[in-house]
Amino acid sequence: MQKVAEIAQKRAIQLLNQGAVNRVLGWKKGEFPYDETPAVFASADELKDFVYDSFSSPNLSKYLIEESRKEGKVLAFLKPCDTYSFNQLIKEHRVNRENVYIIGIECGGMIDVVTLKNRGAVGLTGADDDGENITAHTLYGDVKVRKEEVLLEKCQACKGKKHVIYDELIIVNPQDEKPRDRFAGVEAIEAMTPQERFDFWRAQLSKCIRCNACRNICPACSCLQCVFDNPKSGVASKASPDTFEEQLYHIIRAFHVAGRCTDCGECSRVCPQDIPLHLLNRKFIKDMSAFYGEYKAGEDSETRPPLVDFSKDDVEPCIISDKGGDR
Amino acid sequence: MLKIKKSDLNKLYAAIAERQTLYIPCNVSGKVNYAVWGEGADVDLSTLKTVRSAKEVFFPQCEDIVSFKKEGKNISVKSDHKESEDFVVFGVRACDCRSFDILDRVFLSDPVDTFYKTKREHGTVITLACNRPEESCFCFAFGIDNAEPEGDIAAYFAGDYLYWSPKTEKGLNLTKTLNSLLLTATDKDNDALEKEQNNIRQTNERLPFYGLDLSVWGADGLLEKFNSEKWKELSEACVGCGACTFVCPTCQCYDVRDFDKGNGVQRYRCWDSCMYKDFTMMAHGTPRPTQMQRFRQRFMHKLVYYPSNNEGIFSCVGCGRCVEKCPIHMNIVKVIKAFGGEKNE
Amino acid sequence: MSVENKEFKPTIVAFCCNWCSYAGADLAGSGRMQYPADVKIIRVPCSCRVNPMFILRAFQRGADGVILCGCHPGDCHYSTGNYYTRRRMTMLFDFLDYLGIERGRTRVEWVSAAEGARFASVMNDFVKKVRDLGPNRKITDLRCKPVEKEGE
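Chains as they are written, first to last, in the working numbering: chain H, 1 to 327; chain F, 1 to 345; chain R, 1 to 152.
By construction, these hints were calculated from the structure, which means they are not laboratory data. Warning: the hint list may mix true and false statements.
Said to hold, decoys possible - Quick list of in silico lysine-lysine cross-link-like pairs, BS3-like style, CA-CA up to 27 Å:
1. Lys-117/F / Lys-82/F
2. Lys-334/F / Lys-277/F
3. Lys-10/H / Lys-48/H
4. Lys-73/F / Lys-128/R
5. Lys-78/F / Lys-232/H
6. Lys-29/H / Lys-73/F
7. Lys-128/R / Lys-9/R
8. Lys-48/H / Lys-230/F
9. Lys-138/R / Lys-207/H
Stated by the list, open to error - Not everything, but these chain H residues come out facing chain F in the computed CB check (under 7 Å):
10. Thr-37
11. Asn-99
12. Ala-188
13. Ala-191
14. Ala-203
15. Asn-212
16. Lys-238
17. Asp-274
18. Pro-276
19. Val-315
20. Ile-319
Every residue, glycine too, gets a C-beta built ideally from N, C-alpha and C.
Modelling step: build the complete structure from the supplied sequences, incorporating the hints.
Following this line, the structure appears as structure tokens:
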């Protein structure tokens, strides 16, 4: 990983010096190994703080909505899953492709700091990643864990190591594609009884503090004004004074990104209360593929997403209402 | 100084809860937050930081203020203000406890916030020393001693015991009702406790933010900081969510909203965030149209405006929640340091 | 007055498209066909106008069931509106089911302007099914409950 970061940094400086791009979107070193911040670098000097390692989880595609509309070309480093988001944004005409030079960067999976801390790395001050294992340095001694076990949810269910859009690639260590089941979590909930499902979601959603982090980090949430921020909508409540509001916010948000959500997993990563929001989005992804044919948002930048498309022999909604069972 | 065996803590909780509502950090659905104690509650005092801070027991995220009801041609108005019942909040860390002072200066100064005041008067705060401070902690930068917390009663874990030291009238009154459970600490106990406290203070010195220095901050140099070029770069990545404000123990901004119930109107207040673009929205629009301005507002308020109105006291207690929870990891420490807030080591 | 003795009368919201289903409802009315008075009809220009938010808001404000009626697929006044409705509602209903909300509380039916009798029978059937489910407690806003219903 160290090597990838060096190559990326060098290449960024080169492109800046050539004048091919006038700024670079990447990750900036923080106070700890894990608190990297997305940043725009404008010079070789600023790029000294550029980092790329297993804590560079923020998806930079969201920033390109604004960055690509500014003057001049921006160089953006995108991980494989980030390229899906970018493609989807092209499809929705939210980014200006001409203004972005994409370097697809290899990804060996990103680490979830919360899980790492739950595994005993309390007081985390540093971490070494040898690809297989993570050695976390903490105030109270070292903790060694298998990397696979502390990956972010989005990496546990990795969509693949292929970049779907790029101008050039930086891949030093080709990663093996491991078959991963993205929908096991959804299936587990589907297998519950309605009351169990209700109790599960009530317990999870009642943790919500309505900080809107899930919405604001989401590349698919690109509305200039969200309905939940619009005082005229009658639902802009800023907080959830009632359990209904918790349901409303998350149902509408999941529905609004249905067909556009590339499952980049940022919502679950940023949730301060660790609500498994990906389970909401993946339900839509799973259903859409089941009912309307295999579809992966962001895989290309042309095809119509299922919810803005139709076919004359689509299934009728009564297949849900009439499913029978105990309800 | 009194003490109780760790294994007897459940009896202590039960004894408190028998008379008053007891709020205590509990693990609910995988996250530790303050919750009302009941039989079988999954109390978690080892997790240092609850996601939501302890302020929510005095200043809940949502609170009904007044309701209106239409009956024929009349509108009836009913205040939702109630006198609070006595309650206890247990396990408050030194930083969160100090945050109550900061909130007091806002809510208890004229005009007094009666909703807050009644809860403050009826709440007894039991603090807990931090045996294992974490990397994101920097309470010491604000003169807070995490080994010797304030509050009505201070509690400390050391060895097999929880030590208990009442500090105020309220604390003494509560202690009286628990006399049968609490033992008197011996000299040996006091030594053990002192050793533990020294341990904590030594750990503090090893913390990454130990060198944090706020001398460049405060009431002075307001315009110079306000006009600084640095805000643009610092706020560049901010996505404008409210995670930092909602986990913050000292953020006190709220919005007042009306909910149309169909048969009347419920007016309530709820936490608001200066990071939101509709914050302090007025008829003419928002006074801070860019995210940079909103970002600057948050930190200027904590580190400049508040101190200039409150004898130099910062409205940050160094709990480090925002350091851990920011989706893109921009936080108050990075801001403090960007303006030269680090001692040369 | 005891609550138990009172038969539960569900509140039903029916979104009806202007061109087919609303006319169908009209026909049912002028033909004096009986269907429960608890069905509250909201006329929409096309079934496709119904945003998932409408359905949730109906539940919030006290609906026990929500039914959406549009032209038969292929007969949409705007050619294709109801095809989109069909996909959206299939998705939404399955999602509500996933959240543990009774799937019998939501329904889509295609009712043409000529199907007055069908409109009445669809409503009768839906009201009966929702009545069997009982009051909606899982997706409703407690603040909106009428005071006298409290403690129900």
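Taken at face value, is the distance from the CA of Lys-73/F to the CA of Lys-29/H at most 27 Å?
Cα-Cα ~64 Å, so violated.
Task: Proposed interface contact between Ala-203/H and chain F, which counts if any beta carbon pair is under 7 Å - done: holds (4 Å)
Satisfaction of the Pro-276/H interface hint, Cβ to chain F closer than 7 Å: With Cβ-Cβ at 9 Å, over 7 Å, it is violated.
query = How about Ala-191/H: closest beta carbon in chain F under 7 Å, or not?
reply = Hint on Ala-191/H: violated, closest Cβ of chain F at ~20 Å, above 7 Å.
query: Regarding the hint that Thr-37/H lies at the interface with chain F, is the smallest CB-CB distance below 7 Å?
result: holds (5 Å)
Interface hint compliance - Asp-274/H to chain F, C-beta minimum distance less than 7 Å: holds (6 Å)
Note to self: Given Lys-238/H as an interface hint, is its Cβ closer than 7 Å to any Cβ of chain F?
What the structure shows: holds (5 Å)
- [ ] Assess, step by step, whether the Cα of Lys-128/R is no farther than 27 Å from the Cα of Lys-9/R, and give holds or violated.
- [x] holds (10 Å)
Do the alpha carbons of Lys-73/F and Lys-128/R lie within 27 Å of each other, as the hint requires?
violated (37 Å)
* To do: Take a quick look at whether Lys-138/R and Lys-207/H sit within 27 Å of each other, Cα to Cα.
  => holds (17 Å)
Satisfaction of the Ala-188/H interface hint, Cβ to chain F closer than 7 Å: Where the cut-off is 7 Å and the nearest Cβ of chain F is about 16 Å from Ala-188/H, the hint is violated.
Is the hint on Asn-99/H kept, meaning its closest Cβ partner in chain F is under 7 Å away?
violated (17 Å)
Of the numbered hints listed earlier, those contradicted by the structure are 4, 6, 11, 12, 13, 18, 19 and 20.
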